[in-house]
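K.L.:
Chains as they are written, first to last, in the numbering used here: chain A, 1 to 408; chain B, 1 to 218.
Hints are computed from structural coordinates only; laboratory data are not their basis.
Hints may be right or wrong, so weigh each one.
Straight-line distance between alpha carbons at most 20 angstroms, and here's what the computed EDC-like set of lysine to aspartate or glutamate pairs gives [said to hold, decoys possible]: (1) K78/A to D254/A; (2) K77/B to E213/A; (3) K223/A to E403/A; (4) K65/A to E213/A; (5) K77/B to E403/A; (6) K104/A to D149/A; (7) K400/A to D59/B; (8) K10/A to E295/A; (9) K400/A to E134/B; (10) K400/A to D229/A; (11) K10/A to E134/B; (12) K78/A to E237/A; (13) K65/A to E295/A; (14) K65/A to D229/A; (15) K125/B to D73/B; (16) K78/A to D214/A; (17) K400/A to E188/B; (18) K227/A to E53/A.
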Amino acid sequence: MPWYLYLAFKQLFPTGRRFPFFTVISAVSVALGVALLIVVLGVMGGFGYQIREMITDTEGEIQIKAQGSISHYREAVKKIETVPGVAGATPYAAGVLMVQYQNKPAFPQMRGLDLGSINRVVSLDRFVRLGSLDALDDDSVILSGGLADALGVRLGAVVDIYTPLMLSRKDSEVILPRTAKVVGILEIGHQQLDSSTLYCTLRMAQDLYGLNEDVHGINVRVKPGEKEDAVVSRINEILPAEVRAFSWRDSFADFLWVLQLEKNMMMFVLLFVVLVAAFLTMSLLLVLVLKKTREIGVLGALGASRRQIALCFCLQGVGVGVVGTGAGLALGFTVLHFRNDLVRAITHVTGGQELLARFYQFSELPEHLENRDLALIVVAALVLSTLAGIIPAILASRLKPVEALRSE
Amino acid sequence: MSNPILSASGLVKTFRSGDRRIEVLRGVDLEIAPGESISIRGESGSGKSTLLHLLAGLDVPDAGALAWEGVADTGAKRRAAFLGIVFQSFYLIPELDVLQNVLMARRILGAPGAADRARAADLLKRVGLAERMEHLPAQLSGGERQRVAVARALMNSPRLILADEPTGNLDEQTGAAVIELLLGLCRETGTTLVLVTHNAEHAAKCARRLLLHNGRFA
Chain A
1 MPWYLYLAFK QLFPTGRRFP FFTVISAVSV ALGVALLIVV LGVMGGFGYQ
51 IREMITDTEG EIQIKAQGSI SHYREAVKKI ETVPGVAGAT PYAAGVLMVQ
101 YQNKPAFPQM RGLDLGSINR VVSLDRFVRL GSLDALDDDS VILSGGLADA
151 LGVRLGAVVD IYTPLMLSRK DSEVILPRTA KVVGILEIGH QQLDSSTLYC
201 TLRMAQDLYG LNEDVHGINV RVKPGEKEDA VVSRINEILP AEVRAFSWRD
251 SFADFLWVLQ LEKNMMMFVL LFVVLVAAFL TMSLLLVLVL KKTREIGVLG
301 ALGASRRQIA LCFCLQGVGV GVVGTGAGLA LGFTVLHFRN DLVRAITHVT
351 GGQELLARFY QFSELPEHLE NRDLALIVVA ALVLSTLAGI IPAILASRLK
401 PVEALRSE
Chain B
1 MSNPILSASG LVKTFRSGDR RIEVLRGVDL EIAPGESISI RGESGSGKST
51 LLHLLAGLDV PDAGALAWEG VADTGAKRRA AFLGIVFQSF YLIPELDVLQ
101 NVLMARRILG APGAADRARA ADLLKRVGLA ERMEHLPAQL SGGERQRVAV
151 ARALMNSPRL ILADEPTGNL DEQTGAAVIE LLLGLCRETG TTLVLVTHNA
201 EHAAKCARRL LLHNGRFA
């Protein structure tokens, strides 16, 4: 082992001292920064991951859309289901409605489902909280939990439904709403979808929007292990030019971009914590250089080169980075592991556990840390700690042995 | 003198103090034969330590020439193998135990092997610290620390040892014991010794005695 590596190690972990002040303070500061990054990015990644899961759970991995509506959808679905990599396809109609219950209006998103094929793409059954998907017919609807709560609707209630088509009728005509019985309350687990969505049969949606035999789109489920983009290309090859298939990434590109931007901004801001830790390490190393001026002089007198002396101090910065990052990883993953217990403990003290669950719609705090983010955290902590060692190292290497020895 | 181990001619060193120029060394000439022991005495501020730093290659003279065994290279790499230095304030590395402090001189030349460890242990035995090898410098007395410094200076079997007032921080009895040890080990190993000291008794134990006065040898 080169002497400068040996001495750097010994100065970080001196013989006979269990808690060397410099090492502990510097490593703890780096560890806290790394742990904070891991926890925040892990939880934020978890939210993003849950949302992405929710999108593919409810929409399939591929969406097929046209400029207007899609005609002859049954043939299209049949053709799509023959494409290699496709597990199933289901048509849908969507739009905004007005729903009224006891003079209380709401304007939910409508989702018209083809009951014959929906389960091949989306297993909606598992999200039904009250009632049953089997009870859904052309005269009934299922409401999202938030919508049912907002209207004060219970299972079995009858709601009035108004569509935009009714607005185009002549003034002399009386607008008569369509009535439907509520046969289910559904909760997917995402605030946006659960706050205001009405599910009905495709036939009912087609009637409400005057689509006749057309649909607004087709959702496609991809077989496990298949690459979505490859399947999209294969589907597009068999579709007419005016109808196009998009992967969920393309369909939600803006949303995903915002999610990524939020995460990147969070990482950028939190990296300042590691930066401050690196400055602390640098300050302590500078103090160490001043304290060890005579020892640096002796090393020079013993024949150590300037480069070697610089390396000795720079390696101490690296050492702090390695120890701090290791401790930060352990701390961060421990906190992530016990995150739900911590949230429960905090909300137990502060209250608001139900509010938290209602607002975020996650019964458990999600966690998903991507390898790329983990690698970025580790590299950033190590690079910043190494840089923190460079200025003290340059200062130490510039000391002339004779001047260092005279410093007494 | 044939093949001197160290030769210095016309060494001049000047320091600035504000507007003043202080000429500490005014043309020092010195030749030292292999195995010789030399003492350099002089009053405080006479330039003894400055001369020693120049001879060790730790400082550069304003004028004059210095050569070790006829070669002008006095750089760090050559210094590590050619000479050992003993300082007044010991300058041991506090984080390393006694054995590792002695081995540090060897580490700077390259990773020490089993033979080097054995030599370091043997040197510590010879300076009477066989039982203290695993102790830290802070656990030793001043005399013991200086004995460790002597062992460190001898670790690489140097051709020349420069000792800068090695007894300055020790009491009389301990100081005398350290000088005896240093002279004895140098004699035993054939190592050349240059001893800078205030103490006339210690200086008298060297084969050649020089007095530095007014920047020159008297």
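K.L.:
Can the restraint linking K125/B and D73/B be considered satisfied, given a maximum Cα separation of 20 angstroms?
P.N.:
violated, 34 angstroms
K.L.:
Between K223/A and E403/A, does the CA-CA distance stay at or below 20 angstroms?
P.N.:
Cα-Cα ~74 angstroms, so violated.
K.L.:
K77/B and E403/A: Cα distance at most 20 angstroms?
P.N.:
Holds, at roughly 19 angstroms.
K.L.:
Holds or violated: are the alpha carbons of K400/A and E188/B at most 20 angstroms from each other?
P.N.:
violated, 33 angstroms
K.L.:
Verify the proposed pairing of K400/A with D229/A, using a straight-line Cα cut of 20 angstroms.
P.N.:
violated, 64 angstroms
K.L.:
Holds or violated: K400/A with D59/B, Cα cutoff 20 angstroms?
P.N.:
holds, 8 angstroms
K.L.:
Between K10/A and E295/A, is the straight-line Cα distance small enough, at 20 angstroms or below?
P.N.:
holds, 14 angstroms
K.L.:
Is K65/A close enough to D229/A, meaning Cα to Cα at most 20 angstroms?
P.N.:
Distance of about 16 angstroms is within 20 angstroms: holds.
K.L.:
Taking 20 angstroms as the top limit, are the C-alpha atoms of K65/A and E295/A close enough?
P.N.:
violated, 74 angstroms
K.L.:
Compare the distance between the alpha carbons of K10/A and E134/B with 20 angstroms, and conclude whether the hinted pair is satisfied.
P.N.:
holds, 14 angstroms
K.L.:
Just to be careful, I want the Cα atoms of K77/B and E213/A compared with a cutoff of 20 angstroms; is the pair within it?
P.N.:
violated, 90 angstroms
K.L.:
When you check the alpha-carbon spacing of K65/A and E213/A, does it fall within 20 angstroms?
P.N.:
holds, 15 angstroms
The structure is inconsistent with the numbered hints 1, 2, 3, 9, 10, 13, 15, 17, although it conforms to all the rest.
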